[in-house]
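Line by line, the protein sequences are chains U and H. When we follow full-length UniProt numbering, the leftmost residue of the first sequence carries the number 1, and every step to the right adds one. When we follow full-length UniProt numbering, the leftmost residue of the second sequence carries the number 1, and every step to the right adds one.
Any given hint might turn out to be false.
[To be verified] For lysine-lysine, the following DSBU-like pairs were computed, each having C-alpha atoms within a straight-line distance of at most 30 Å:
1. H/Lys-353 with H/Lys-265
2. U/Lys-66 with H/Lys-413
3. H/Lys-299 with H/Lys-265
4. U/Lys-66 with H/Lys-178
5. U/Lys-186 with H/Lys-353
Hints were generated in silico from the structure; no laboratory data involved.
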Amino acid sequence: MLAFILRRIANAAVVMLTVALIAFIIFRFIGDPVEMMLNEQATQMQRDALRERLGLNSSAVMQFAKFVTNAVQGDFGISYRNQQDVFTLIMERFPATLELVLVATILSLALGIPFGVITAIHRNSMLAQGLQFLSIVGISLPSFALGILLILVFSVQLGLLPGFGRGEVVDLGFWETGLLTTSGLKALILPSITLALFQITLVMRLVRAEMLETLRTDFIKFARARGLPNRIVHFRHALRNCLMPVITVTGMQIGNLIAFALITETVFQWPGMGLLFIQAVTFVDIPVMAAYLVIVSFIFVALNTVVDMLYVVIDPRLRTQSTAGGGHGA
Amino acid sequence: MNSLNRMLTATAAILILSTAATSVSAQTLKWGAARDIDSVDPYAFGSTFTLAFLNHVYEGLVRYDENLKIQPALAESWAIVQPTVWRFKLRKGVKFQNGNDFTADDVIASLKRISHDTSPLKGNLPAYKNATKIDDHTVDLELNSAYPLLLNDLTNVFIFDKEWLVANNSELPTDVAKGVEGYATHNANGTGPFKLESRRADAKTVLVVNPNWWDKPKHNLTRIEFTPIASAPTRVAALISGDIGFTESAPLQDLQRLQSAPDVKVRLSTELRTVFFALNFKDKLVESDVKDKNPLRDKRVRQALYQGLAMDQMQKRALRGLSRNTGAMIAPVIPGYTPDMDERLPFDADKAKKLLADAGYPNGFSLSLVCSTDSYVNEEEICQSAAAMWARIGVKANLNSGPRSIQNPKRVKGEFDITTLGWANEPMIDAYSILVQVMHSKTGSAGVFNWGNWGNARIDELTDRSANELDPEKRIPMMSEALKIARDDIMFLPLHQQPMAWATRADVSDVVQLSDNKPRHWLTRMK
């Protein structure tokens with residue numbers, strides 16, 4: 001187990017380094033931060049001097065090396081635009097993104113699983129047909145369009161929910177949460193639905209397919225033969241056997257949601273990491289972009305590792321395999 | 001006549017909708033902006049918008065009044081004692097928000113800070129050499145040379161409290177290359193009408209009224225809650241639902257919706273910024289079927305491109321009729337402008353074709369048109385419509401469009417044949433800005449934006465002379481003459497002053513909207 005964890009940590013380091021290197025090569029092509037940092041009145045000399053001081057004249061590899069040397073000492077530098085410590089800047093935004101992602105994930109499970117079951121067992125009912133249709137809408141509707149639609153209905157027309165921001169937050173010292181205030185919870189509703197819609201349909205379709213499969217298996221027939229009520233057969237026997245892939249996919253999707261929450265965050269002015277990243281791109285804020293990419297790649301690797309480790313814990317067959325054959329690649 | 005005209009235009013730019021005085025009560029202005037401020041340190045990032053916001057907290061020695069004329073602020077009066085030395089008498093009894101007195105030491109510390117080598121705003125005070133304290137409320141500013149625009153520059157040099165800077169180890173500006181955060185990035189202590197109460201980047205920045213402000217407040221606000229809402233449709237929705245009461249950026253495509261919404265008032269005007277096309281004057285075009293020479297160096301070709309632009313159509317289609325078409329390179333309020341500059345050469349496609357034929361291009365030619373999507377109002381639409389109009393006279397402009405951060409390096413390197421450029425002449429609000437930064441040949445520190453190698457010896461000479469001429473009666477005609485040379489030679493293709501659209505809820509009764517597009521909420525009143 002220890003060897004497995006060490007190997008995964010080494011893996012993670014390689015992934016993060018690669019991401020950073022690619023990032024620095026790409027930064028050459030996304031523009032010149034100096035043009036954004038100085039205003040119209042700055043002279044050419046001032047522009048050149050700033051470029052030199054920021055080390056932008058050195059090669060991508062040199063910049064990358066400097067970044068890594070500083071980063072391993074825990075120093076990501078300060079933002080070109082805000083002059084704030086980049087690590088603090090990103091960590092301040094992390095709670096906002098994570099809360100949004102977790103609520104969206106809970107929503108997707110709480111709605112996706114029952115919808116999946118319903119569409120599987122009442123395949124031809126109006127309700128199932130309707131849900132199936134909605135799931136196609138959910139998969140094909142881009143999240144910014146959905147977000148604007150929700151704002152227009154619930155914020156402008158009905159005036160029920162706020163259309164932007166995070167509401168009041170409570171500072172717990174290490175974590176700023178919006179989950180403890182009414183306005184914070186209200187502010188979460190529209191963005192989390194926007195972010196969750198795709199997930200809901202994904203879970204629903206997954207559960208439906210798994211259920212249809214499971215319902216055909218022998219042990220379900222036996223269960224029915226024993227005279228168990230439908231409810232017990234569907235939820236106790238069939239559904240339980242469907243959940244493993246759902247948990248796996250959900251776990252992996254959390255990483256995706258964190259990385260791709262940026263559209264939802266932009267539409268709702270949700271002060272999370274995605275919004276920070278989008279602005280960093282606009283202003284060519286290289287320290288923020290580099291640190292963000294490294295941190296997000298770390299989150300991806302960490303989630304993958306946790307999921308893999310859970311497999312090992314749950315499934316004894318993998319355990320023998322990993323000690324014998326060196327695990328399986330991510 | 002000249003100055004009368006300017007004054008009228010400036011006055012017209014001010015929109016004061018109702019002057020009914022209201023009783024003083026707790027008034028919170030909810031400001032939804034298109035972008036967040038970069039920092040609360042005014043010397044941190046070259047952003048006009050951030051400076052405009054921070055002007056609510058910090059002030060300069062002088063400020064612009066409602067006609068964009070210089071007016072005393074922290075300095076009560078000033079005099080030129082020698083051509084290169086200005087003496088400022090400072091206002092007495094002014095206190096910083098932390099209770100400290102405002103004195104000459106504060107002015108000197110602030111000037112040192114902004115003109116330090118690592119300050120991104122050093123260029124805003126180009127002539128500064130040294131400052132000396134005469135007594136607690138008198139300070140001498142020494143300049144590199146006789147320089148007429150010192151006051152204009154000083155409107156944007158905000159004054160810090162020296163003791164506060166020293167106590168917090170922030171006497172120097174934050175140096176991004178060093179990677180260490182500064183105290184002034186998170187804290188503010190000015191003399192202005194409002195105090196910083198709290199700031200959460202990208203979420204909310206709150207200002208509260210400063211009861212000890214030295215000036216008599218014209219506003220009746222007690223609190224400003226500033227929220228950036230980057231997404232335009234969300235911002236529009238927030239205004240319609242009443243979640244915000246003011247925005248300095250009402251999206252043009254949503255104006256009709258906003259105008260038809262009850263309780264929302266759209267406030268339209270045009271900016272100082274003049275948008276124009278800049279041309280490649282080098283030996284060859286960057287991307288063209290004419291390989292051996294540069295057709296744009298022929299004045300007939302430039303005139304053909306000019307007269308091929310149907311500006312009325314562009315204004316109607318690309319800018320929803322909201323821009324102000326112009327033949328001048330600067331807005332009317334800017335010193336150096338004369339009304340005859342405003343006259344455009346008329347749109348005439350036949351004449352344009354004939355000019356091209358005379359120049360030896362009866363079948364036209366192709367070139368590259370480099371535009372960005374986010375530098376100027378509806379820039380992409382402007383470029384598309386220009387390309388379509390030029391196609392009709394036979395010039396095929398290959399449009400290369402992208403975000404500003406990517407397009408600007410191409411412009412700087414001169415990788416364009418035609419490109420968009422807009423110049424507001426801020427912060428100095430004087431034609432010297434465009435003359436020295438854009439039109440001047442690339443020599444010394446001048447001509448930073450001379451991307452296409454244009455230039456004219458006489459323009460350079462007039463610009464350099466106007467830089468050291470203290471008498472406005474002589475200086476302004478020099479600048480007008482330089483602008484006229486560029487105009488007669490068709491060095492640039494001027495288009496328009498771009499529109500600005502603010503919007504307020506009905507309870508925001510008075511808002512002063514000047515053509516520099518800066519909100520000044522110390523003049524805002526609410527019902």
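The hints, checked one at a time:
no.	hint	result
1	H/Lys-353 with H/Lys-265	45 Å, violated
2	U/Lys-66 with H/Lys-413	27 Å, holds
3	H/Lys-299 with H/Lys-265	46 Å, violated
4	U/Lys-66 with H/Lys-178	13 Å, holds
5	U/Lys-186 with H/Lys-353	63 Å, violated
The structure fails hints 1, 3, 5 (numbered hints given earlier, in ascending order).
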